[in-house]
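So the sequence lines, in the order shown, correspond to chains A and D.
1 is the number of the first residue of the first sequence in this note's numbering; add one for each residue after it.
1001 is the number of the first residue of the second sequence in this note's numbering; add one for each residue after it.
None of these hints come from the bench; they were simulated from the model.
It cannot be assumed that every hint is accurate.
Not everything, but these chain A residues come out facing chain D in the computed CB check (under 8 angstroms) [what the hints assert, rightly or not]:
(1) Val-178
(2) Thr-201
(3) Asn-302
(4) Gly-526
Ideal placement from N, C-alpha and C gives every residue a C-beta, glycine not left out.
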Amino acid sequence: MIEPNVQKRRPMTRRVLCCLLPLALALAACGDDTPTEDAGTPDDAAARDSGPRSDAGSIDSGVRVDAGATDTGGSDAAADDAGPSDTGVPPDPFSRFSCAEVSGACLEFLPSEVGDLLDAVNGLSAPTTLVLANGRFALDNALTIRGASGVTLTGQGIDETILDFSSQTAQANGVDVVGDNFTISHLTITDSKKDGLRIETSTNVIVRFLKVTWSGGPLSTNGAYGIYPVRCTNVLLEDSEAYDASDAGIYVGQSINAVVRRNIARRNVAGIEIENTQFADVYENLAEDNTGGLLVFDLPGNPIVGRDIKIHDNIVRENNRPNFAASGTTVSAIPAGTGTFALASRRVEITDNTYENNNTMDIAMISGLAVSSSTGAWAIPLDQVVGSTAGLGLLTNETAVFNFRTEEIWIHGNTHSGSGTSPDGLDPVAREIGALISFLYTFPTDERPVDTYLYDGIGETVVPGTTAAGNTNNNHICVGSNTGATFAVLDLPKLADMLQGTPSVFPTTADIFRPGPPFTPFDCSGFTNGPIADLVLPF
Amino acid sequence: MARFIIMALWLALLGSLACESEDSRPDAAVAADVSPGDGATDPMDARPSDADAGVTDAAPADASPMDANAPLGPVVVDISNPQPPPLLSDFRFFRLRNGVPDYNQGVVPYDLNTPLFSDFALKWRAIYLPPGSQIQFHPTDSFEFPVGSAIVKSFAIAPDLRTPEVDVRILETRVLIRYADGWRAFPYLWREDRSDADFFARGAVLPLTFIDPRGQTRTAQYLVPQRNQCFACHDQLNAEGGAFLTPLGPKARYLHRSFPYEGGAANQLTHLAGLGWLEGLPDLGDVNPAFDFSEVATTGTTGLDQLGLERAARDYLDINCAHCHNPNSVQGVTSQLFLSFDTTDRFRLGVCKEPGSAGTGSGGLRFDIVPGNAAQSILHFRMASETVGEIMPLVGRSLRDDPAVELIRAWIDGMAPEACD
């Protein structure tokens, strides 16, 4: 039975012994201040990592059903038997971080104590730090956190502490959280049936030094999202990694105020997605070897209208992985070789990024109507709108606003090379935009790289007149000074009609507007209603 | 079907003296050993045994306080303590008689018109009210329960669900207690000898093999939810956006049905009002009952016209899906697919609606509901699937509910065809 108000559970005893007994021996093995070699993750964050704290912890975990069965007694013995080295010092299971560094309620768990861990997380009612030891924690159900504010879940480092969900028998998430002031750090989540980490409807969320992956590599049967804060307010997602997700590796969805920085996304269908999110600062991330690199979009009719997304100083390169999403999913429509698209988005600033070798194109600006042509699908009833739509000038009627337009996009200061050389035209059914681009740029004779920036022109009064005077810029698409970039305005519906007509006509680049710098009338800068404000999180 | 089961069980209860010896039978087909108290076995590690090996009951029926014939003392619900008691028997809600709950004074059983499907598990539901207190009627929402009340729901399985009263085995009991600041959920897992159930927060997955009501042998990965997973269904948002735990079943439309009480069959709402337990019950004629799903479960959908199919399907979706798929849910609202029985917006109901993030759950299909074409509808696909990653609902179902899938298929196929795009 876990007593109320216990702050240090039994594993602590072993830890204290570990650090007290062999003072003269191999201190480095358990010295918390000694730099360790754990997975190369920076340790300097450890101290500030443990998140919200309190000394008022009480554990509402109730009764141990299996007293003795999986308790520390047996596993301690096993660990002791397995561990002793010549010096008599077992490896420190809490080599990076332990409860000794936490002033509030704190619990430590060994991989053999999964049942205890589950009992604990199912009884949290106060701020508590949960420290996981080195090793692999095998779970056959989600690790859930509900209701308690101020929970921190931290391990010993990426690939040092592993939450392994490969034995799940239901479509559960890996770590599944609803709780304010939540922090997760320094561990790896692998092989969850659904999302690796899902944090929903929570305020003040920190994710750092977290890795999410699937051990079979990029498979359509993998879970959907790697790291997925959704419907959250104030999200800091940094220094983390996501691999092999069958949808998005890092997916900030339907959230307000999100900083996404210094993360790595590889081998996902979508590397990093910012969806229906207001006020996001996305910088210094690496999106590489995904189908699509870094995407900004709104879903039809979602009550949070995305806005004010700043994407800067990222590297988006070689996102050419063949699309492996399950057919029929939204992301299955992403052509391989996509760097970035802004879809049904507004007030998006893309600046100082490096784009390289994305074979279809670097940046596309696409109306929501290009993927879901019914305007009704994009209606958000006025009484359901969440967050701020002030100053957006959204299309509206008496009962709803509509979020299909892509407008107020500002692209400047980016560097581009090597992209657009081999657009993904393989599947005109699943990925018709990719097929259209492929036709346009490679048939019949006019073979050239796809322009760096593609704008679909949907919503313009006049498009795509081949002279500047013949084009409007109703949607305020601003293309400033960039390195190695070209720009084209398509007229997607017209081009598609040409292809699908009888007899079909192959459109060529002669049918579209390809202005040179300064890209008039798209040579504006900034946004109609002022710049995106600096985002400051309250922690 | 549910009503039939309850009646059969009630008859068994009435005749319990005559049936006492049944408890010494071997439980032939319940393959899982779910004991949490069995020596060094980790309760998470439910050990399947051969279905034909037979697991003999460890204890006779009267081996424990829960099975004793002495009168139970009064129910104990201590709302001054946020912690649950370690044993289910500490509440004194009921004890088992021939494997079936025998409720204490002040505890009243009930049933629902359309129940939540939980891998064919049999369910026994009951309400406890503190003496002198009352439930407040509400026309649409869950009733308001007084502080100190409890809802007690037990799950059981039988080797052959065509004869569910034979060798029925209680698995778990979930207790909702109404505290002053809201409901709290306490799951209890029964010991193998059924002497008692222990508070069990960590959850478990139990492989269970049995014969379903249609005679098919099925093996469920039966989920005993971990305590936090209670919230997956029972958490809803209030007008201010705060989450609160709420019961799901005790609503007027689901309780508006007959129940075979000891004194004879009666309408549940009338019965509760007659006990002085339910305040504000209007004329029964003003309460629309939900569809009685037992009709579909036993006779199928052939007798239903499209209106009947619609009503049956919408009520099934309401009780099985809408706790997540509604605008005030904590999880599920992201889908913007709202399956409450009173959703009038056809797009939000899924008609020609593309899912936002169905992942592999889409089955390669584009729309949740394609009118006139169930085979192209994701809603039908996910209900019919037994593949992890495709299954809906996410929690509590590993097996296909065949009558329900047939119902949904008939309903969608019966809609006027529409080409979604």
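Here's how the hints hold up against the structure:
no.	hint	in the structure
1	Val-178	holds (6 angstroms)
2	Thr-201	holds (5 angstroms)
3	Asn-302	holds (6 angstroms)
4	Gly-526	violated (31 angstroms)
In summary, the one numbered hint that this structure violates is 4.
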